[in-house]
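J.: For the record, the sequence lines run as chains A and B.
Under my numbering, think of the first position of the first sequence as 196, with each following residue one higher.
Under my numbering, think of the first position of the second sequence as 201, with each following residue one higher.
Hint data in this document are derived by calculation from the structure and do not stem from the laboratory.
You may find that some hints are simply not true.
What the hints assert, rightly or not - DSS-like mimics (lysine-lysine), calculated; alpha carbons at most 27 Å apart, straight line:
id	chain 1	residue 1	chain 2	residue 2
1	A	K320	B	K216
2	B	K310	B	K328
3	A	K380	B	K216
4	A	K387	A	K281
5	B	K300	A	K284
6	A	K281	B	K253
7	B	K300	A	K387
8	B	K216	A	K281
9	B	K273	A	K281
10	A	K387	B	K328
All values derive from a computational prediction rather than experimental measurement.
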Amino acid sequence: MRVLHLKTSQTKLFDIGISFIAGLFFTFIVLVLITLMTTTSLHELYRQMRSSVVISAVWISIETSIAVVLLSFIFGFPVAYLLALKQFKGKPFLETLIDLPIVMPPLVSGLALLILFGGTGLLGKLLNKWGLNIIFTKKGILIAQLFVASPFFIKTVREAIASIPQNLLAASATLGASPFYTFRKVILPLSKSAIWAGLTMTWARALGEFGATAMVAGCIPQQTETMTIAIYMGAMSGELATASALALILVVFSFVSLLVFKSGLKR
Amino acid sequence: MSIFLEDITKYFGSQKVLDKLSLKIKKGEFHVILGPSGEGKSTLLSIIAGLLKPDKGNIWIDGQLVNELPPQKRQIGFVFQDFALFPHLTVFENVAYGLKARGVKNNKLKERICFYLNMVGLDMYRDKYPPELSGGQKQRVALARALAINPRLLLLDEPLSHIDAWQQEKLREDLKQIQQNTGVTTIYVTHDQLEARVLADRVSILHQGRIEQVEPPEELFYQPKTGFVANFIGATNILDGYVSKMNDNNVKFKIKDSDLTITVKKYPIFQDKRQIRLCLHPEKIILSLRPEKENHFLGVVEDIKLLGITARVNVNIRGLKIKAIVPRKHISSITRQTSVWVCFSSDVPHPLCGRCHRLPPHLRRCNQCRENKQKSVEL
């Protein structure tokens with residue numbers, strides 16, 4: 196009984212310690228949010244929300260981030276499928292390549308994309324011939340966000356597909372199902388949660404993207420100015436009210452979206 | 201459908217899992233492949249199903265070479281050890297999966313699914329999801345799913361190993377019944393001898409990537425042909441020695457490291473002074489308080505273990521340890537340290553001469569005998 200009592204005390208002490216550290220962390224996050232909320236009055240927020248700069252930035256961010264989510268799904272799913280289920284030479288190299296945009300500084304990614312799609316770049320020259328200009332346009336935002344954010348989707352879905360028991364795929368094959376039928380009826384439904392999680396992470400990353408986007412698309416107000424770029428520009432040019440309002444909108448929007456997504460996953 | 205596996209060889213890295221394995225399985229046969237874990241039984245099934253490619257060898261199904269045929273086109277039902285049911289589909293949808301993949305229309309589909317669900321006794325559970333079922337029920341669904349595609353061959357990979365003991369017996373009986381009713385050629389892989397005894401028309405013993413012996417269970421379990429088979433099936437009385445005297449109908453066999461000499465029915469392999477290994481099946485030994493049969497030796501009971509309706513008795517005969525499996529009622533007067541006669545007739549011990557396949561009775565001679573005969577003819 197003595198030992199048991201000792202154990203219980205130790206457990207309590209451990210729990211208190213853990214809770215204290217976790218509490219510190221939560222306090223830190225809440226403090227950041229409170230700072231944002233108290234910087235802007237409701238009246239100012241309402242006024243800013245009606246300004247054309249803010250409306251345009253919000254709209255561009257939503258538009259491009261949703262497009263990036265769709266593009267990530269279209270291009271990312273085959274990549275995730277390939278990396279999860281197929282064995283081939285050079286697979287570890289490709290897996291590392293997919294991880295690279297996550298660890299690369301966004302400014303470096305932006306610079307590489309700027310050179311690649313610029314007037315003298317390999318793809319830039321080719322696209323210019325077809326009359327397509329990427330740099331300092333909304334297409335540039337898409338390219339930058341796709342490059343930086345889609346690996347989050349690919350990694351999540353690749354792990355989910357790889358975790359599907361191989362016997363399920365084998366059973367499907369012996370039952371006469373073609374690889375496409377197996378993909379539609381087994382792989383897709385069983386990786387549904389991971390797809391949603393991956394898309395949400397991609398969306399959140401795209402929405403918050405700044406460095407690469409600024410390098411490739413520039414900061415042209417009401418044309419290529421996303422919310423994050425508008426916040427930066429506002430803060431740098433002394434328009435703290437606009438920056439704070441946009442920051443608050445971004446945070447509230449992200450928080451609500453994540454909450455909705457999580458409750459959807461639980462259901 | 202008849203199956204012929206011809207010299208199947210499979211490597212995993214540098215490890216040879218299957219080594220020129222050859223096996224013929226007749227149409228409608230319930231064939232059990234028995235062997236210890238890790239001997240390549242599941243690999244063999246995967247190769248037959250087309251899920252793995254052999255490094256060498258051919259797979260013939262009804263005379264058709266199917267090596268290059270993908271699993272989708274082999275029409276082979278596969279029941280996996282871990283059930284491999286689709287967790288997001290109901291029982292009905294799981295059983296319907298193969299038919300839907302083949303484009304069977306809805307009205308026909310429903311009828312067929314109900315037929316197979318009835319066959320495995322799960323019609324009531326059609327709307328349940330796999331996680332809501334017991335192990336036995338899951339395996340029944342897997343069986344119905346495999347049968348629903350009307351397979352020309354059914355493969356079962358240790359289907360009872362993840363099922364509670366109390367459900368195994370019923371499922372075993374049902375499995376045999378269903379196989380007999382459908383007549384589908386079946387290959388069943390297991391490491392459980394009881395399953396092989398109860399289910400098989402013929403049993404193959406797989407060892408070191410090769411088939412060690414193929415025979416109907418009643419012959420295989422009482423007439424093991426190699427030391428490995430004898431040990432694996434529990435016929436653990438293996439006697440090393442030599443033929444000390446040849447008579448017309450029997451021989452005298454001197455057991456190595458013992459002063460015992462036993463009388464053994466004359467087998468063609470026997471030659472005077474020849475070193476031989478004999479198997480003395482524990483179930484064919486009689487323990488008696490009086491001497492019986494041609495061979496009877498007085499020994500001391502060292503241990504008794506009760507195994508349900510039988511008992512395993514270890515007897516020490518002047519240093520030679522013999523195991524006997526006898527009906528429990530026969531040992532009521534036997535206790536530890538009791539003296540008891542170990543009795544067996546001369547046709548009970550048989551040589552372990554490594555013969556693999558059972559030939560028709562008129563050709564039943566072991567390889568060594570044939571070689572010897574051939575040599576003598578040549579001389």
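J.: Each of the hints needs a verdict: does it hold here or not?
T.: Verification of the hints:
1. Between A:K320 and B:K216 the CA atoms are separated by roughly 55 Å; this puts the pair beyond 27 Å, and the hint is violated.
2. At roughly 16 Å between alpha-carbon atoms, B:K310 and B:K328 fall within 27 Å of each other, so this suggested pair holds.
3. Of the supplied pair hints, the one linking A:K380 and B:K216 is violated, its CA atoms being roughly 36 Å apart against a limit of 27 Å.
4. Restraint check: the Cα-Cα separation between A:K387 and A:K281 comes to about 20 Å, which is no more than 27 Å; the hinted pair holds.
5. Of the supplied pair hints, the one linking B:K300 and A:K284 is violated, its CA atoms being roughly 35 Å apart against a limit of 27 Å.
6. For the hint pairing A:K281 with B:K253, the CA-to-CA distance comes to about 16 Å; that is within 27 Å, so the pair holds.
7. Simply put, B:K300 and A:K387 have alpha-carbon atoms about 22 Å apart, close enough for the 27 Å limit, and the pair holds.
8. For the suggested pair B:K216 and A:K281, the alpha carbons sit about 24 Å apart, so the restraint of at most 27 Å is met.
9. Our distance criterion of 27 Å between C-alpha atoms is met by B:K273 and A:K281, whose separation comes to about 21 Å.
10. Our distance criterion of 27 Å between C-alpha atoms is met by A:K387 and B:K328, whose separation comes to about 21 Å.
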